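Peer 1: Protein chains in written order, with the working numbering: chain A, 22 to 304; chain B, 22 to 304; chain C, 267 to 854; chain D, 267 to 854.
Don't read these hints as lab results, they were simulated from the structure.
Predicted model, so just to flag it, every value in this text is computed and none were measured.
It is possible that part of the hints are untrue.
Quick list of in silico lysine-lysine cross-link-like pairs, BS3-like style, CA-CA up to 25 Å [as the list claims (entries may be wrong)]: (1) Lys421(C) with Lys156(B); (2) Lys718(C) with Lys718(D); (3) Lys283(B) with Lys159(A); (4) Lys844(D) with Lys718(C).
Residues per chain are reported as follows:
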Amino acid sequence: MADIQDFSGYNPTWCPGCGDWGIGIAIKQAFVQLGFDPSTVAVVFGIGCSGNMNDFLNAYAIHSLHGRAIPNAIGIKLVNHHLPVIAIVGDGDCYGEGGNHLIHAARGNHDITVIVHDNRVYGLTTGQVAPTAQKGFKSKSTPQGIIEEPINPLITAIANGATFVAQGFAGDINHLINLIKLGISHKGFSLINVLQPCVTFNKINNYQYYLQRVYKLDQSYKKEDINQAILKAMEINEEKFPLGIIYQRSKPAYHEQLSQIKESSLINKKRFENFDKIIEDFV
Amino acid sequence: MADIQDFSGYNPTWCPGCGDWGIGIAIKQAFVQLGFDPSTVAVVFGIGCSGNMNDFLNAYAIHSLHGRAIPNAIGIKLVNHHLPVIAIVGDGDCYGEGGNHLIHAARGNHDITVIVHDNRVYGLTTGQVAPTAQKGFKSKSTPQGIIEEPINPLITAIANGATFVAQGFAGDINHLINLIKLGISHKGFSLINVLQPCVTFNKINNYQYYLQRVYKLDQSYKKEDINQAILKAMEINEEKFPLGIIYQRSKPAYHEQLSQIKESSLINKKRFENFDKIIEDFV
Amino acid sequence: MIDFSWKIGGEAGFGIMTTGVVFSKIASRLGYEIVDYVEYPSLIRGGHNAYEVRVADYKITSLKKEIDVLVCLNKETFDKHKFRLKKNSIIIFDEDDFLIEGDFYIKVNIPFKRIIADLKGEMVMKNTLALGASLAVLGGDLNEFLKIIEKQFEKKGKEVVELNQSFARRGYQEGLKKTKEKRNWLAKKENKEEKLVITGNDAFSLSAVIADCRFYAAYPMTPSSSVLTNLASWQEKTGMIVRHAEDEISVINTALGASFAGARAAVGTSGGGFALMVESLSFAGVAEIPLVVFLASRPGPATGMPTWTEQGDLLFSIFAGHGEFPKIVLAPGDQEEMITLTGKAFNLADIYQLPVIILSDMYLSEGHRTVSKNFLDSFINQYKVQRGKFIDSLKLPDQGKKERSKIFLRYKVTDDGISERLLPGVKGYYYQANSYEHLEDGHTTEEAEPRKDQVDKRNKKWQTYLENDFQLPNFYGDQDGEIIFVSWGSTKGVVLEAQKQLREKNIKTGFYHFNHLYPLDKEKIKDLFKRNKKYILVENNSWGQFGRLLMMETGIEIKEKILKYDGRPIMKEEIIDKFKIQNSKVKS
Amino acid sequence: MIDFSWKIGGEAGFGIMTTGVVFSKIASRLGYEIVDYVEYPSLIRGGHNAYEVRVADYKITSLKKEIDVLVCLNKETFDKHKFRLKKNSIIIFDEDDFLIEGDFYIKVNIPFKRIIADLKGEMVMKNTLALGASLAVLGGDLNEFLKIIEKQFEKKGKEVVELNQSFARRGYQEGLKKTKEKRNWLAKKENKEEKLVITGNDAFSLSAVIADCRFYAAYPMTPSSSVLTNLASWQEKTGMIVRHAEDEISVINTALGASFAGARAAVGTSGGGFALMVESLSFAGVAEIPLVVFLASRPGPATGMPTWTEQGDLLFSIFAGHGEFPKIVLAPGDQEEMITLTGKAFNLADIYQLPVIILSDMYLSEGHRTVSKNFLDSFINQYKVQRGKFIDSLKLPDQGKKERSKIFLRYKVTDDGISERLLPGVKGYYYQANSYEHLEDGHTTEEAEPRKDQVDKRNKKWQTYLENDFQLPNFYGDQDGEIIFVSWGSTKGVVLEAQKQLREKNIKTGFYHFNHLYPLDKEKIKDLFKRNKKYILVENNSWGQFGRLLMMETGIEIKEKILKYDGRPIMKEEIIDKFKIQNSKVKS
Ligand SMILES: Cc1ncc(C[n+]2csc(CCOP(=O)(O)OP(=O)(O)O)c2C)c(N)n1
Ligand SMILES: Cc1ncc(C[n+]2csc(CCOP(=O)(O)OP(=O)(O)O)c2C)c(N)n1
Ligand code: SF4
Ligand code: SF4
Ligand SMILES: [Mg+2]
Ligand SMILES: [Mg+2]
């Protein structure tokens with residue numbers, strides 16, 4: 022059984038107090054609790070402060086391009102579907118640069134877990150707005166305040182076929198550990214949006230801000246009701262932040278619908294050699 | 022006053038019976054009824070059978086790259102906001118290749134009108150699935166049937182800030198003309214998803230299919246209620262197709278929030294020459 | 267000696283393309299060699315569509331200018347191709363459609379419209395009639411056509427099969443009726459070798475399967491799309507996973523994920539889609555992830571002329587990607603080379619852990635050729651999947667009491683520039699494939715020394731490749747010819763034919779055909795060009811891109827150029843004519 | 267003669283960068299020339315951060331190897347830079363932090379930690395103390411520092427200003443206390459010219475505004491991001507519209523829309539973002555939409571080393587884009603050239619209706635230099651906005667009774683390859699900018715002749731440019747020198763300094779510095795290289811990319827190369843050392 026130390030790479034270089042610390046701990050803890058070992062899990066990192074976790078977390082990993090973690094993760098999953106595959110990404114990364122991939126991965130219900138560090142800014146490039154920024158937020162790229170409204174990633178995912186959509190908070194690590202475990206265990210596309218204070222470039226959406234506005238979904242909440250889920254997800258527009266699984270339904274994952282890999286994973290299959298079967302078309 | 026002939030370029034090369042004919046007529050008719058002339062309107066075409074309208078419709082136009090009509094349209098609007106700007110695109114074009122632009126243009130409430138030819142296939146490349154294809158649809162690229170669920174473009178737009186989201190049907194031209202006029206007249210981001218039978222590559226979602234499943238939203242429908250609108254838009258997942266304005270709200274358009282162009286459009290402004298005002302920062 | 271050219275034309279959207287392929291197949295089954303070429307607009311309907319097949323009873327490698335049999339399903343076909351007709355060309359047409367004045371041509375009037383009206387057929391059946399009539403005129407056998415119809419319509423039931431066959435027969439009868447002179451241009455040959463009729467795309471698809479490619483991702487784009495169609499339709503048989511992704515960026519990144527996870531992976535596209543993949547190509551370069559990229563060009567820039575041909579992406583593809591990293595570019599000259607080089611590309615990608623680009627173009631990708639079944643079989647028998655330093659198992663690390671998983675030195679600096687690559691998932695180890703500059707163990711670094719070492723290591727791969735796997739251009743023709751043609755990729759066939767024709771006029775020529783395009787071995791190539799000859803560059807583009815590459819890499823400058831860039835393939839006559847002028851210039 | 271190098275280092279995330287810029291500004295205000303350079307990791311915190319400023323009372327153009335004053339905010343700074351210290355270098359440090367053994371160096375112990383604890387300040391104020399102390403040690407004036415603090419903290423209120431000023435004063439006093447020898451290295455100079463302290467990015471930003479660029483779009487990417495910050499922060503003053511779009515594809519396409527609509531438009535990015543724009547660059551090429559692309563390179567491939575420097579994207583940028591279309595690539599050598607060439611780029615884009623790339627790199631983009639205010643003013647006075655054949659009005663067409671709007675021949679074939687471009691919205695006309703191949707009127711075509719005409723027309727623009735606007739490399743140094751350096755872009759300054767130093771050793775050299783990189787005028791350049799000299803190529807990359815380009819375009823091969831590709835800029839000592847070895851080789 023692996024322990025936290027197994028997963029611990031370099032010491033993180035995040036700013037003291039950054040929400041990424043909490044997310045990093047939660048991910049490692051979830052891996053340990055799920056019984057993973059660095060050699061039994063695949064992780065794809067985006068580019069950002071979030072993606073910098075690449076050097077702090079041990080696993081078979083790709084440190085991808087900015088915005089491209091999701092398709093990399095899909096590729097790994099399709100080839101070796103016995104490996105759990107997690108994408109660790111930023112909000113600029115996943116909702117901005119890579120926004121298109123999110124929608125279409127959700128449509129396919131690919132069995133990957135996408136953990137988004139939602140800090141409403143671009144941290145690594147020192148503080149421009151992310152697509153999650155609140156309207157009017159002033160940043161290096163929007164000194165007069167951003168004109169765009171924030172993206173609603175939760176609804177975007179739910180409406181386009183994601184089967185596990187959740188929200189966590191970097192300031193509530195225990196809750197987050199559980200959410201990550203549930204997301205990884207879920208068969209299908211899981212999006213976990215994690216509210217993450219960036220203490221350096223976002224002086225507004227800090228811990229206090231969230232502590233006053235987050236609340237946990239309780240037992241009575243019916244996470245399988247898609248209409249309800251969408252209305253619930255609308256709340257973030259009013260700066261209320263439900264925490265927990267906002268939507269979940271069970272549906273075959275993409276790889277489960279491929280007859281090619283019913284018997285064995287793609288990487289473990291025997292080479293196809295019955296070439297005459299395809300050549301005959303050309304005679 | 023311009024007439025239909027003014028807007029008519031080459032004879033269309035669409036397949037006889039293609040829904041694009043109806044959309045083409047509706048667009049020209051709407052332009053005429055709005056009092057436009059080819060020299061007073063800007064149109065950006067995507068690449069597809071839909072985008073091939075470039076040669077059939079006279080206007081100041083860009084025949085863009087596949088997927089990139091929306092950012093081109095935004096650029097035109099910001100520079101010359103007195104020109105009405107319309108993007109004529111395909112569903113592969115706008116929801117597949119260019120999916121990311123749709124979300125972010127909606128967030129900005131850019132005052133452009135996006136008319137999507139939703140034929141659930143790639144027409145011009147001779148029949149692969151579009152992101153709107155129904156699950157299980159067999160095509161050249163998905164001979165075993167597509168695994169992905171269709172995108173829900175209506176909710177995606179509504180949830181991310183679009184202020185005019187409508188659905189039309191190529192088989193109901195009069196209704197469509199009106200929708201297009203309303204969309205263009207609306208100040209802000211307008212998405213008009215037009216159900217368009219592709220008679221050549223989509224033998225399932227044909228006129229009959231839609232005639233049995235479309236219905237018009239009536240007076241009692243409250244188009245400004247976002248929650249209702251989203252639930253309404255969910256119906257397309259059950260193969261029910263409401264026609265009309267599904268969601269509309271009034272909100273300043275992007276260009277209306279730019280103090281730079283309050284007095285005059287960007288293109289008509291006098292050149293800035295007070296250089297010392299910016300140089301002083303560097304002394 | 268049989269050698270004729272048959273062409274059918276009509277309005278786009280009425281089955282001309284299928285008809286053309288069927289004609290090619292019939293000719294091949296009857297024992298002939300074919301080269302074909304399709305002209306169609308980037309429209310589904312409207313516009314003109316034409317399909318041209320050259321048939322011969324000996325090896326041919328290009329089209330010919332004169333059309334011997336022209337089937338006109340409309341007047342436009344006649345008008346557009348008139349200039350390529352000889353006095354005694356055969357014209358199959360419908361006098362109810364249009365009249366051909368004068369005494370030229372052998373006119374074969376088939377009342378397509380009336381027959382269709384009589385038999386209550388659909389307009390597309392014009393093609394069936396026309397094909398039947400063509401067979402009659404050419405002295406061909408109807409049986410193969412009937413068999414093909416049977417296979418084609420099998421699924422739609424017996425009635426449909428019979429209906430179509432009746433049209434074929436009717437066309438054949440009409441054709442016989444109108445033919446005075448009996449020809450044996452398509453007479454069934456005995457002792458014929460078994461042959462396939464395949465396009466360049468088919469060749470790539472087949473070879474990818476043979477090479478054990480397990481993952482293919484694409485976004486449709488002419489002229490590469492039929493690779494997607496092929497591989498997708500074979501999925502259930504081959505077990506390959508094929509993904510039509512949302513855009514080309516997703517295409518290449520899914521493939522890179524798949525390749526990282528251990529599967530041979532490829533992507534296919536044309537110039538515009540490739541352009542979108544360029545950032546990720548650089549990612550493949552630094553992370554050292556093997557990938558085969560099939561790039562079938564069409565005339566650019568931008569959307570350009572989607573259904574036409576050009577060799578316009580050579581320099582772009584060679585220098586594609588920011589930063590400095592090695593890649594390999596191959597450009598097959600024909601279907602056979604597409605088969606062998608595709609197989610090789612998958613091996614090279616694995617051995618050198620880098621992207622390998624197969625450059626094709628519409629002319630090669632969409633035109634058919636006969637390829638002998640024997641050739642393919644022997645390729646299959648000889649082909650070895652070489653995965654280089656890829657390892658899929660490793661002894662568990664032993665690290666004292668607690669056996670912690672250990673970091674694997676994925677980017678170990680080696681003499682040949684290539685490091686071991688471990689299958690992700692192997693127990694006891696882990697590593698990251700990093701898009702940042704990294705240490706040997708994959709961790710990010712910004713230090714000067716390891717940076718330099720990794721750059722050197724990556725650059726080193728090229729040297730290793732040049733020593734072990736690079737191949738010099740093939741030489742064709744006469745070593746003592748005064749003239750040496752130089753070309754690359756799909757222009758191979760036409761130069762070969764031009765050479766043949768020139769030899770008939772007693773002009774000896776040589777021909778260097780390059781298919782291993784990048785990197786090039788400077789010294790070895792300089793040696794080839796040492797002799798004082800007249801070199802002529804032949805390229806299907808306006809910049810003479812290969813000529814410029816040759817200059818850059820070797821200092822060799824070729825001044826005489828035959829360049830064509832109107833979207834059409836080069837015709838052998840264009841080489842010969844140009845050559846004549848140049849030659850006479852030299853004399854005057 | 268004053269010429270010293272001051273460097274401050276500490277943990278990343280503690281204000282080192284701001285401190286460095288302030289030091290540069292103070293030096294400039296006091297009348298000195300500066301060249302500075304920042305080293306920082308691609309991390310927000312952790313890792314090492316350092317800022318180096320060379321100061322002189324005469325024109326300098328590069329850094330120097332020896333550090334004369336090292337301010338160590340932590341021990342790592344000392345360890346990392348020890349090898350660049352001389353015996354009498356001044357070290358400002360805190361003995362409570364670490365001790366420096368031995369008799370070397372002039373040690374200035376400032377108890378940063380204790381002072382901060384005493385005065386209840388924050389850790390970042392170490393910088394303020396250090397800067398104050400530095401000024402004392404160097405014999406500088408404190409006033410400019412106090413003024414800068416005032417401006418910087420103005421908005422936060424008087425108290426904050428005073429607090430910070432008190433730290434500055436305290437540092438200054440401590441510094442004075444610990445300084446035995448009085449220095450006048452930063453003594454205020456009289457009669458000084460007014461100067462700006464700007465980075466390459468600042469120079470681009472300023473010049474874009476001067477050139478009447480009205481639209482800028484970007485997605486942040488080091489080292490180009492400060493252009494976005496600059497232009498966005500000036501928006502309200504300049505009236506420019508700046509869009510931070512969702513991705514780089516949207517960036518370039520918004521800019522193309524803006525340019526089509528008539529505004530001068532530019533985009534800025536680094537290699538990875540540029541890679542994503544490449545398809546659209548080709549679109550700009552065929553649709554003939556003017557665009558200025560600011561490409562600030564960093565070491566690749568892929569994410570590479572985001573905060574370091576390299577000239578690795580030259581060939582990529584030159585051949586970027588599928589298909590064949592003209593573009594122009596310029597690479598300024600320093601801040602002054604960035605100003606003039608950016609202005610020129612906007613004119614060229616408009617005149618030739620094509621994309622113009624300004625190639626920069628982290629070293630040029632993020633390092634500061636002093637630029638005289640006079641220089642800028644005279645540039646402003648001389649600069650003319652030249653929009654070429656762009657027209658914003660046209661007589662209404664007269665077409666009989668009903669005045670229908672008329673199609674405008676946007677792509678008219680002309681002798682110089684350039685057609686009139688009409689402002690969209692002008693009454694009575696319309697046209698489309700088409701990504702497909704097109705006729706003169708913009709309508710799509712697939713016919714051979716118009717295709718050829720349009721290709722020729724586009725290619726022709728290059729010729730017109732070469733005749734009218736191309737500039738040969740600048741020559742520096744001695745025409746009769748035996749050695750001629752050849753370099754491009756940001757390596758200009760270091761070669762100039764190396765030349766100077768060599769001349770002191772009586773070695774005469776010449777230097778061709780290229781900043782008009784593509785296209786190149788073959789014959790004129792060949793002429794320049796006709797003389798039998800020893801040419802040495804200097805590039806900040808591993809492939810010698812410009813050398814390869816020169817070979818391709820002119821056949822000139824430069825065999826001697828000084829290449830550096832570890833992410834650091836070239837130091838003049840590296841040129842001189844290399845040169846020594848080579849020279850001695852020649853002799854032996
Ligand atoms: C194609 C490309 N564009 C831009 C960049 C520069 N870049 C690196 S990280 C980043 C944004 C980081 O923001 P986010 O994804 O929100 O992550 P965070 O740092 O906030 O965790 C950007 C723009 C890049 N690396 N690649
Ligand atoms: C970057 C790029 N990828 C692919 C293509 C090829 N392509 C042209 S149109 C098209 C799809 C057309 O489908 P859609 O957008 O739905 O339009 P429709 O033809 O159905 O109206 C594709 C994939 C292209 N032109 N550019
Ligand atoms: S900049 Fe923000 S997101 Fe990045 S490490 Fe610091 S606090 Fe965290
Ligand atoms: S292929 Fe389909 S979408 Fe295209 S023109 Fe024909 S019917 Fe219309
Ligand atoms: Mg972020
Ligand atoms: Mg479509």
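Peer 1: Out of the numbered hints, which ones does the structure contradict?
Peer 2: 2
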